[in-house]
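Student: Protein chains in written order, with the working numbering: chain A, 1 to 276; chain B, 277 to 552.
Because the hints were derived from the structure by calculation, they are not lab data.
Here the structure is a predicted model, which is why all the values come from computation and not from measurement.
All residues carry an ideal CB built from backbone N, CA and C; glycine is no exception.
Be a bit skeptical, because a hint or two may be false.
What the hints assert, rightly or not - Listed next, with one range per pair, are the computed distances between beta-carbon atoms:
no., chain 1, residue 1, chain 2, residue 2, range
1, A, T62, B, G350, 50 to 56 Å
2, B, E526, A, E213, 48 to 54 Å
3, B, A304, A, P187, 54 to 60 Å
There are 2 protein chains.
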Amino acid sequence: MVFYLIGLGLGDVEDITVKGLNIVKNCARVHLEAYTSILCYGLDKTNLEKFYGREVIEADRTIVEQESDAILKGADEEDVALLVVGDPFGATTHADLVLRAKQQNIPIRIIHNASIMNAVGCCGLQLYNFGETVSIVMWTDEWQPESYYDKIALNRQRGMHTLCLLDIKTKEQTVENMMRGRKIFEPARYQKCSEAASQLLTICERRKAKGEECAYDENTMVVGLARVGWDNQKIVYCSLKEMSEMEMGEPLHSLIIPGETHPLEVDMLETFRASS
Amino acid sequence: MVFYLIGLGLGDVEDITVKGLNIVKNCARVHLEAYTSILCYGLDKTNLEKFYGREVIEADRTIVEQESDAILKGADEEDVALLVVGDPFGATTHADLVLRAKQQNIPIRIIHNASIMNAVGCCGLQLYNFGETVSIVMWTDEWQPESYYDKIALNRQRGMHTLCLLDIKTKEQTVENMMRGRKIFEPARYQKCSEAASQLLTICERRKAKGEECAYDENTMVVGLARVGWDNQKIVYCSLKEMSEMEMGEPLHSLIIPGETHPLEVDMLETFRASS
Chain A
1 MVFYLIGLGL GDVEDITVKG LNIVKNCARV HLEAYTSILC YGLDKTNLEK FYGREVIEAD
61 RTIVEQESDA ILKGADEEDV ALLVVGDPFG ATTHADLVLR AKQQNIPIRI IHNASIMNAV
121 GCCGLQLYNF GETVSIVMWT DEWQPESYYD KIALNRQRGM HTLCLLDIKT KEQTVENMMR
181 GRKIFEPARY QKCSEAASQL LTICERRKAK GEECAYDENT MVVGLARVGW DNQKIVYCSL
241 KEMSEMEMGE PLHSLIIPGE THPLEVDMLE TFRASS
Chain B
277 MVFYLIGLGL GDVEDITVKG LNIVKNCARV HLEAYTSILC YGLDKTNLEK FYGREVIEAD
337 RTIVEQESDA ILKGADEEDV ALLVVGDPFG ATTHADLVLR AKQQNIPIRI IHNASIMNAV
397 GCCGLQLYNF GETVSIVMWT DEWQPESYYD KIALNRQRGM HTLCLLDIKT KEQTVENMMR
457 GRKIFEPARY QKCSEAASQL LTICERRKAK GEECAYDENT MVVGLARVGW DNQKIVYCSL
517 KEMSEMEMGE PLHSLIIPGE THPLEVDMLE TFRASS
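Let's have the full structure, built from the sequences with the hints guiding it.
Tutor: Laid out in structure tokens, this is it:
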């Protein structure tokens with residue numbers, strides 16, 4: 001029997017592949033990784049169960065990471081699947097789970113799908129020319145890391161584009177709830193393109209104030225992407241300054257800082273110019 | 277009406293998404309880009325027509341590039357689709373076609389899917405940590421370009437992994453057929469992991485003969501991938517020297533030269549060790 005890791009693609013129930021759907025229908029047990037919380041926007045348990053015509057067991061990231069044996073249980077005797085938003089090896093890796101399955105001699109099959117890591121090509125920038133992907137962290141008053149700046153700078157120095165994945169905060173607790181041991185979580189928060197752009201501008205100002213150079217400035221043209229692959233997808237090409245004030249709507253957002261651009265890339269980007 | 281660019285995924289008819297399949301069934305006209313010739317291995321016109329229960333019009337790359345108007349024709353009045361192996365913005369970009377459609381005010385919808393650009397994550401190396409993707413060119417006796425070496429070297433210098441896409445030769449003609457104007461094409465040729473590894477070793481020897489350093493040597497561990505996402509997918513982790521003699525079977529092949537690897541990446545890679 002087989003343990004299936006099945007990618008659900010970009011966020012609609014119909015984004016699963018035909019192969020994936022057939023497997024889901026025939027598995028003894030189907031788990032759903034409820035971590036990347038775009039789940040609340042359509043890919044939730046209820047919608048999926050209706051679409052598949054079968055039960056789906058929700059598993060949050062803690063379970064997938066720490067109780068992987070519960071998910072793998074019985075997969076040597078019957079087919080079991082774990083559904084994952086995007087591709088199973090996209091932004092989050094499931095190496096832990098795969099290794100556990102291999103140790104237990106459970107055959108594994110991956111059903112790939114689109115993830116933000118390849119779907120960003122829709123803005124016209126060539127996937128070839130992307131350098132290292134960075135994660136932008138939501139700043140708080142006390143904690144304002146700038147570690148991603150160096151990677152962006154290095155990519156730009158080499159003429160490479162940088163895909164910035166924006167922060168998602170799930171399962172946050174208020175200090176009070178935490179102290180009282182109440183498992184009450186705040187609503188999930190998603191970093192917006194405008195927030196990420198503002199942080200990048202702040203980093204730039206700080207560097208300039210110290211007399212350092214910055215790899216970009218407020219006039220640097222960037223690409224904001226929201227809800228890639230959805231019916232209401234939005235792509236905007238504008239300056240970093242404009243992006244810091246741009247309303248891109250509901251999550252998920254991503255931001256690209258282009259490196260050197262080729263004429264055909266520019267032609268495509270220009271079709272996403274913000275009308276200002 | 278809409279012009280749909282639909283990704284077919286990694287090579288099986290069932291790799292299309294449910295959304296994509298529904299669109300295909302309802303379009304007035306469906307074209308199939310016959311360029312990436314893994315088409316001959318299952319995704320051919322006959323198989324697709326049988327699976328979709330409808331006619332599919334084959335369009336080779338020349339038509340897609342030079343006669344895009346023929347493909348877009350009527351898309352302002354009825355739904356038209358172009359099927360593309362992988363993701364529409366994967367290794368090959370369809371920016372040209374998208375721009376043409378935009379110029380003609382034809383609404384465009386992209387149906388994303390997995391492509392080799394994100395599916396390589398299955399070997400355990402994090403997509404985050406890949407640098408620029410390179411294309412390795414099949415050498416001939418007269419033409420042995422090394423241009424991709426510099427990109428690999430720069431990626432390694434930064435600790436980044438390099439995905440090497442291997443060459444595909446389609447529509448080649450013998451000199452005689454070309455001179456006689458016969459449109460007879462030789463069978464498609466696909467570069468193998470072993471061939472790419474051999475070229476990389478040759479480059480290394482040439483550099484060392486000139487007293488230059490090389491970013492890798494015959495003991496550098498690399499990852500060979502064949503038929504990613506297929507039932508008979510094969511992944512091998514071995515030295516570059518071993519890879520130059522490794523039989524990976526049928527196309528398509530890709531090669532990864534890892535940069536710095538994290539412990540979890542190594543654990544995953546080790547599960548693909550060639551048993552020697």
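Student: Taking the hints in turn, state whether each one holds.
Tutor: Each hint tested on the structure:
In this structure the supplied range 50 to 56 Å holds for A/T62 paired with B/G350, their Cβ-Cβ distance being about 52 Å. Hint check: B/E526 to A/E213, Cβ distance near 51 Å, so the stated range 48 to 54 Å holds. Distance hint check for B/A304 and A/P187: the Cβ-Cβ separation is about 44 Å, which falls outside the suggested range of 54 to 60 Å.
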